[in-house]
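K.L.:
Residue strings, one per chain:
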Amino acid sequence: MSEVTLADICVVACAEIFSGAGEIMASPMATTPLIGARLVRLTTEPDLLITDGEALIFADTPAVGAKGDIEGWMPFRKVFDVVASGRRHVVMGANQIDRFGNQNLSAFGPLQQPTRQMFGVRGAPGNTINHPTSYWVARHSKRVFVDQVDIVSGVGYDKADPQNPAYRDLNIHRVVTNLGVFDFGGPDHTMRALSLHPGVTADEVAANTSFEIAGLAEAGTTRLPSDEELRIIREELDPKGLRSKEVPQPEAAK
Amino acid sequence: MATDKTSSLDEIIGELSSGMTIGIGGWGSRRKPMALVRALARSEIADLTVVTYGGPDLGLLCAAGKVRKAYYGFVSLDSPPFYDPWFAHARTTGAIESREMDEGMVKCGLEAAAARLPFLPIRAGLGSDVRTFWGDELRTVASPYDDGETLIAMPALNLDAAFVHLDLADKHGNAAYTGVDPYFDDLYLAAAQRRYLETDRIVETEELVKTVPTQRLLLNRMNVDKVVETPNGAHFTFAGEYKRDEKFQRFYAESAKDPESWKVFSDRFLAVDEAEYQKQVKLWQEEQA
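For the protein sequence lines, the chains are A and B, in the order given. When we follow my numbering, the leftmost residue of the first sequence carries the number 1, and every step to the right adds one. When we follow my numbering, the leftmost residue of the second sequence carries the number 1, and every step to the right adds one.
You can take every hint at face value.
Below, a list of computed lysine-lysine pairs in the BS3-like style, where the Cα atoms sit at most 25 Å apart: (1) A:245 with B:247; (2) A:142 with A:159; (3) B:279 with B:247; (4) A:67 with B:243; (5) A:78 with B:243; (6) A:67 with B:247; (7) B:210 with B:5; (8) B:171 with B:210; (9) B:282 with B:257; (10) A:240 with A:67; (11) B:282 with B:247; (12) A:245 with A:142.
To be clear, the hints were calculated from the coordinates, so they are not data collected in a lab.
Kindly produce the complete structure, drawing on both the sequences and the hints.
P.N.:
Written out as structure tokens, the structure is:
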């Protein structure tokens, strides 16, 4: 087996987002978590539901961009029913994330006259208040991990009202980046390092994050893919290597 | 014999007036009623409030300066460059007032209007800046039961008019989608006072019901006031019988970058009627080949 790449490691870290998820809908919104969700479906989580990103539920677990046999129908209106049911785990992108897990993909600047317009809040408010939500950040930087997000699209822990049970399902499960794996298990539900990818140092993470990350010094090393996982990633799910476009190999490791 | 509702684009636009709240069906750059949007963009009507899962429909109306206020879950072209340039321009210049909301809140608000309810409770929106976008216009409601929950009271999104594009229809307003997703077009019409359907093809009722499985007959006569035949009317978004015109959509987005290129685009594709638009699109496609 040839050299394991950072992109391979990120795929496996994204796959582990879904460990123990059971029979729910996995909704990855970018290439790396999409390969991760399909990898875990082919290994330890066979009951996950996955879709073609349009309106069809796959029976098969096809390669990125490929068609496969289907097992059901999931038009957008039914996606909102699934969101409200809680039987879903979404992996969204983020233009900004703060230490409590607030996320922005809407716009930068003032709400009614932004300096840069992105998508608007999309399904982020409904996702975060209803079911497990994780984030994938391909380029971990201070511009993404900020002290305060400009617009709260995805709800963070400091926004939850403990007196109101409507917030009971808020669960920001993981943040996977090109540097490591994080959760919000730090003091007061702040961002905490679970593992750093091989070759990544605590200093490097600190230098690329605007706020202090809990447990950074103690964080272990993200596990390497097994031979079987590597085979599935390279031969079945991403033979064209699209993951490496999202996560380029760092110069030092080449 | 039920009413013949066939009509022209101009007849439909003639029933609208400035200041109206208009819902636009489809989703992002998918099965948008673009022929009706183009007709509205070149009309004298202005000062609109638009309710939409936004795509280039909202972009074109912003480019024409028709939008005062927008209610939306997102705005996306669904393919690169993803962010609609004219919506972005309207936002960054402060030209429109936004009532941005969670995608699920749009469906909820249309359902409330369809059922003639003042609001429906929903979790989505709690704790997020959707509250800030709306201010006092969006309030919460406490459950009267023992659960102790306080939820968003999503107000009904009542529409003065709604536009949708379906792939196949009869002249009475029965209509079907032939693609993979109905989107929310039935809800838009159910939430509106005046209901306008554009379709790629008008056929006899008998042919309509033979062509599609019955579950695809999304609209019945009670949902529709006027129907207009607009072959390729959803262009450059996709519809049941044709794909998104990705090249043309990119051309649209690139043309928005400076006033000169926009004038070229606008003179050729927007200042003209629908027949001329379709003719120019064909010519443009040949030029690109």
